[in-house]
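J.: Each chain, written out:
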Amino acid sequence: MTEVVHAKQSRERANAGTARVAAIHTEADGVVSLVLTDPAGGRLPDWAPGAHIDLVLPNGCTRQYSLCGDRWDARSYRVGVLREPASRGGSAYVHETLREGELVGLGGPRNNFPLVPARRYLFVAGGIGITPLLPMIAQADLLEADWSLLYGGRTRKSMAFLDELARYGERVRIAPQDEVGLLDLPRFLGEPREDTKVYACGPGPLLDAIAVTTSGWPRQAVRTERFTARDRAAGVRDTSFELTLARSGRTVVVGPDQTVLEAVASTGVDVLSSCRQGTCGTCETTVLAGRPDHRDSILDDDEQQAGDCMFPCVSRALGDRLVLDL
Amino acid sequence: MTTLLSAPTIDADPFCDEVLADPIPLQRALREAGPVVHLSTYDILAFARYEQVHAALVDWQGFQSGAGVGLANFRKEPPWRPPSLLLEADPPRHDAPRRVLQKILSPRALRTLREKWLADAEALVDEVLGDRSGTVEIDAVPELTESFPLRVFPDAVGIPAQGRENLLPYGDHLFNSFGPHNHLIEAGEPRAGELLAWTTAQCRREVLAAGGFGADIWAAADRGDILPEQAPLIVRSLLSAGVDTTVHGLSALLHAFATHPGQWARLRADPALARVAFDEAVRWESPVQVFFRTATRDIEIGGRTVPDGHKILMFLGAANRDERRWGAGADRFDLGRDPSGHVGFGMGIHQCVGQHVARLEAEALLTALARRVEHLEPAAPPRRHLNNTLRSWESLPLRARIA
Numbered sequence: 001m002t003e004v005v006h007a008k009q010s011r012e013r014a015n016a017g018t019a020r021v022a023a024i025h026t027e028a029d030g031v032v033s034l035v036l037t038d039p040a041g042g043r044l045p046d047w048a049p050g051a052h053i054d055l056v057l058p059n060g061c062t063r064q065y066s067l068c069g070d071r072w073d074a075r076s077y078r079v080g081v082l083r084e085p086a087s088r089g090g091s092a093y094v095h096e097t098l099r100e101g102e103l104v105g106l107g108g109p110r111n112n113f114p115l116v117p118a119r120r121y122l123f124v125a126g127g128i129g130i131t132p133l134l135p136m137i138a139q140a141d142l143l144e145a146d147w148s149l150l151y152g153g154r155t156r157k158s159m160a161f162l163d164e165l166a167r168y169g170e171r172v173r174i175a176p177q178d179e180v181g182l183l184d185l186p187r188f189l190g191e192p193r194e195d196t197k198v199y200a201c202g203p204g205p206l207l208d209a210i211a212v213t214t215s216g217w218p219r220q221a222v223r224t225e226r227f228t229a230r231d232r233a234a235g236v237r238d239t240s241f242e243l244t245l246a247r248s249g250r251t252v253v254v255g256p257d258q259t260v261l262e263a264v265a266s267t268g269v270d271v272l273s274s275c276r277q278g279t280c281g282t283c284e285t286t287v288l289a290g291r292p293d294h295r296d297s298i299l300d301d302d303e304q305q306a307g308d309c310m311f312p313c314v315s316r317a318l319g320d321r322l323v324l325d326l
Numbered sequence: 327m328t329t330l331l332s333a334p335t336i337d338a339d340p341f342c343d344e345v346l347a348d349p350i351p352l353q354r355a356l357r358e359a360g361p362v363v364h365l366s367t368y369d370i371l372a373f374a375r376y377e378q379v380h381a382a383l384v385d386w387q388g389f390q391s392g393a394g395v396g397l398a399n400f401r402k403e404p405p406w407r408p409p410s411l412l413l414e415a416d417p418p419r420h421d422a423p424r425r426v427l428q429k430i431l432s433p434r435a436l437r438t439l440r441e442k443w444l445a446d447a448e449a450l451v452d453e454v455l456g457d458r459s460g461t462v463e464i465d466a467v468p469e470l471t472e473s474f475p476l477r478v479f480p481d482a483v484g485i486p487a488q489g490r491e492n493l494l495p496y497g498d499h500l501f502n503s504f505g506p507h508n509h510l511i512e513a514g515e516p517r518a519g520e521l522l523a524w525t526t527a528q529c530r531r532e533v534l535a536a537g538g539f540g541a542d543i544w545a546a547a548d549r550g551d552i553l554p555e556q557a558p559l560i561v562r563s564l565l566s567a568g569v570d571t572t573v574h575g576l577s578a579l580l581h582a583f584a585t586h587p588g589q590w591a592r593l594r595a596d597p598a599l600a601r602v603a604f605d606e607a608v609r610w611e612s613p614v615q616v617f618f619r620t621a622t623r624d625i626e627i628g629g630r631t632v633p634d635g636h637k638i639l640m641f642l643g644a645a646n647r648d649e650r651r652w653g654a655g656a657d658r659f660d661l662g663r664d665p666s667g668h669v670g671f672g673m674g675i676h677q678c679v680g681q682h683v684a685r686l687e688a689e690a691l692l693t694a695l696a697r698r699v700e701h702l703e704p705a706a707p708p709r710r711h712l713n714n715t716l717r718s719w720e721s722l723p724l725r726a727r728i729a
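Which chain is which? The protein sequence lines are A and B, in order.
FYI, in this note's numbering the residues of the first sequence are 1 to 326.
FYI, in this note's numbering the residues of the second sequence are 327 to 729.
Next up, chain B with everything else stripped away, as it sits in the complex (with noise of 0.2 Å):
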């Protein structure tokens, strides 16, 4: 296809395990090789300027995300899994699903939770650090960042406490799931029948608790606002998106203070930081790195035609760090910046409906640290988790001065 061929080639496989460890060289690579770059392993167009993935998020009418926000195009090959109304559907049938979850996640309804989401993450943060002075060293993963998330989230949904331990490897298969066939894949593969029956055996009406966003989504089906059949989906995409993406931004967090000591003493000395420090942190890791859209029809961006039906991949990671859009030192981690406009939750129409949620996780748990902690180093290596989308840790080990 002469039209891919006409912008510059990269031969780098972005889903290759040395790429995943540290997409950063070739996030480089991508944005100095110009605005729309061809990947010769997938045959596909990619963008890494911020521009034009701004741009192409924005454009749902020109890049669709009912095709899959994956490699696999919806078009010609059949998904997994029944599609997510959210964020694998187009308007018209987008709508109404995105209409009514954003209602029940927006910050005002999230009000009611903030209390107990603090308290939450002061009893979580005592329990960790115990009532110990002096230093004391932790894997940040399993003990806060993972922890955390699956503390509070699981029952705001409103499901039950048996079988949570289900959600991250769900949350980490699907997110693979939108990259190439490869071992991650592989290795997920044997459990996926079962997890996702898990998973869609907890969005029945039954199942969920009153009161919790679970319910909330069955009461909009009773409303008429969506049809009874979809409220499991939406239930599903709840599951799906609101957990793995949190813990890996939080873990993102951790590690960003961890290794920018300077900013743990300003955030200390203005808590009010919080909720600024988590979306730089987003902006800085981007926990989601990559999302797949497909042409519409032929498409004129960044100087070259994007053919129709092709999928194209946008590296909000690599967005995320432009400098034409962050400056020269896009690189830092720096709570003096203004991260709003990063795309790190997408934006448009698709952009992350539960990027709420997870701001005030970020500011309940970074909030109840900052209050004992005086300082956070790292303690050992951390170890990257590989995953097809995610840009995550394993392991976080951390050295923290109880104040």
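Bound conformation, chain A alone (with noise of 0.2 Å):
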């Protein structure tokens, strides 16, 4: 087998999933905003609100955040990310080391919390959770659906996006707790009707408060989403990888600005794509050993985590091996 050896300057070099820092903005008191844009200027994968992406940063971390910008400019994303007390390196790092025009990996983007359709949206966000609910927000208004939000926050200076939901006027309603103490939740809920959808997102007991309190509702009207961002395993890189094709007994190093698809063709192995973005699931490949670090927009999290097939187009591998049934 050849060594492969990568030019430095190949960090600088578009892959399957990366993405530029474009802009970073201070949204409130330990909050800010990424804007992440492809950095050959291209559209970058469509989305859908409630959907997240995995951001690799350059420490090495890996990190979900939800997508809370404007699905009608291809672009460009924007998330918004807390700065934890207790952050093990995802949040501090983004907060004090990166900087506008760096790289970081993407993947995704996966929507477990997608917006179902109803005429009726009762949004409640605590904190960082307002972040899946404002394009939410912005459909719902957009389908002229009756909805209202209760958003609540340490205090009003620790609420992100507020001038964003001004414009919305009386729907909103923001209740910081050093202002109006905990969220009146019975209040705002109401009754359950047929025609109303719940959407929560924020830290576990506002989201256990909302359990409590809609009880008596049909399971499926309440939609929740826990904002604490989950780890996933450590190892994610954007590095090279020993890739062995057991059906052809072929064995092939995947570079870092190259995706396992066309590590899999310089072989001679066809595998039929379409999207080559992670979304159409044409190129689906069975995981015979090593763990996939998946980047498609397919697999749902608990998909993701069984680890026996994966999408060529732009997953990789999270440890130095990875074998495929090719």
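For the record, the hints were derived by calculation from the structure and aren't laboratory data.
From the three backbone atoms N, C-alpha and C, an ideal C-beta is built for every residue, glycine too.
Please note: incorrect hints may appear among the correct ones.
As the list claims (entries may be wrong) - Listed next, the stretches of chain B that the computed footprint assigns to chain A, with coverage defined by at least 3 CB atoms under 8 Å from CB atoms of chain A:
id : stretch
1  : 380-386
2  : 418-424
3  : 525-533
4  : 600-611
5  : 665-676
Grab the two chains, each in its own frame, and use the hints to assemble them into the complex.
T.: Written out as structure tokens, the structure is:
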């Protein structure tokens, strides 16, 4: 096997799943937003409200963030990042070290919190939990649904995106804890209604309170997401790894700027693909050994955890070696 | 409109019988004329090169589907049937129906059908070829490419056996309706109401068998992922888009092999090429030849401006044979080519949601045929079926040498 040497400038080249930090804005005390773009200036993969992306930070940490920008702008993503007091390296890095212009790894978008059709929506946000709800609210408003938002936080100064929400007028109720105390959920949610869906995102205690308040509601009417960034397996990386194709008995090194699909093709084995963005599912391949680093938009979190299949157009490997049924 | 006229003009009517029977010369002329072409017959702009077709397909923000994917502009005229929640809708209305159907038709969900469909294809091929040896002559369209999808797909959806003969004429009229009001539409109009009524009736919850795609769609309504009133329209999308397109894709596949005998030998030597073969056939013949979009604002593409509200015509078939993308051999059906990235299934958020179903049907039929047939060749000149959107065969007489 030939040794593959990678030039230094390769860090500047786009590969499947790389974004540039185009801007960093302060949104509130302890909250910044990142604007991400394709380094080559192209479109980013499509998304819908509730979707999150995986950001692979230059220090190797991978964190999930909800997209909170405008999906009609195909060339940028926006995420909001809260500085976690007990940060293990993700949010602290974003707040202290990450600079505009830097490249970050990108996975997804995936959506475990989709906005389903309804005539009426009740949105409840706690703190940074406002982020997935922002694009939902924009769409509910566009569809002329009857909606309202109850948004709680510690203090008004710690609550992000208040200026963006101001244009919705009385549909939005801002409830900082130091001014009005805990959120009055029973009053806001009221009695269960056939035509209403409840969407909530925030810290555990808030979601627990919502579960209690909506215990009489049909289960499918209440949809929640905990904003605490789930830790993904350590060791996520953009470096080379060895790929073995079990059926054809070939081995190849996948370079940092190469997709698995390209590496497979270089061995003369064809894998049919189509979208090459991890959205259509055409290139689904069985994983025999090794752990895939999933960057597709197709598998949900449980399916990703299973690790038995992957989409080689975008996904990579968590370890030094991956064996595919090809 | 000066903007439109500033593009090179082509006077040919892409929907006249001569072009529908053989669109290849016009496709070539359109690609040569430039990245954006003005079609004088309909006073619209068109794209026939891969680059512009692909760019327009993925740009749902700029080129909407909600004003109809045919020539008719829903902003100005009412559609003949309630618009499709998938094909004729844009985000945000498009999101939930697409999400639900994509899950139901995903490769992982289809795994349970695989063994059965492979066995069904074996059985059909055995029925058609019998226990004969030597050479057998068949008409591949009625005997294989229509009968196989009609044998497996309606069962998978869960509709009753009665009335399935309505599926093909319904689909044929639907795909004609995306074109101009020509004699093909007129020929379908007398039965259109009856066919739509039959199709609509198959989408009701109580009609659909448990365990099928249709029942899965209703289950999504029970989970609140779509509204109950959306469920029948999503089932309708399966019945509208899931039959004719697959039939014509399979016909294209067998026509390709019959006219490229070396490729059949290659497939027999390596049956794992069945999947590549189907996508290469979809690239080569492009069962769905054209789709329209509507500009949502003034959009620059290919050095021209498409004005807000104007229909554009995307020649998927032409893009799939563009030498700029596929090289000098673009017109050849070639299993050595990687057909990935063809736009025969569209691209972007409206990309064919049933493509994995079609691939599985093709793989099953081709695997069964390759096992029994040593050589395939035309037995008589094939006969086209004309449709404003679809490229299809009415008759494909083949001579098969049994292995």
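J.: Taking the hints in turn, state whether each one holds.
T.: Verification of the supplied hints:
{"no.": "1", "hint": "380-386", "result": "holds (count 3)"}
{"no.": "2", "hint": "418-424", "result": "holds (count 4)"}
{"no.": "3", "hint": "525-533", "result": "violated (count 0)"}
{"no.": "4", "hint": "600-611", "result": "holds (count 3)"}
{"no.": "5", "hint": "665-676", "result": "holds (count 8)"}
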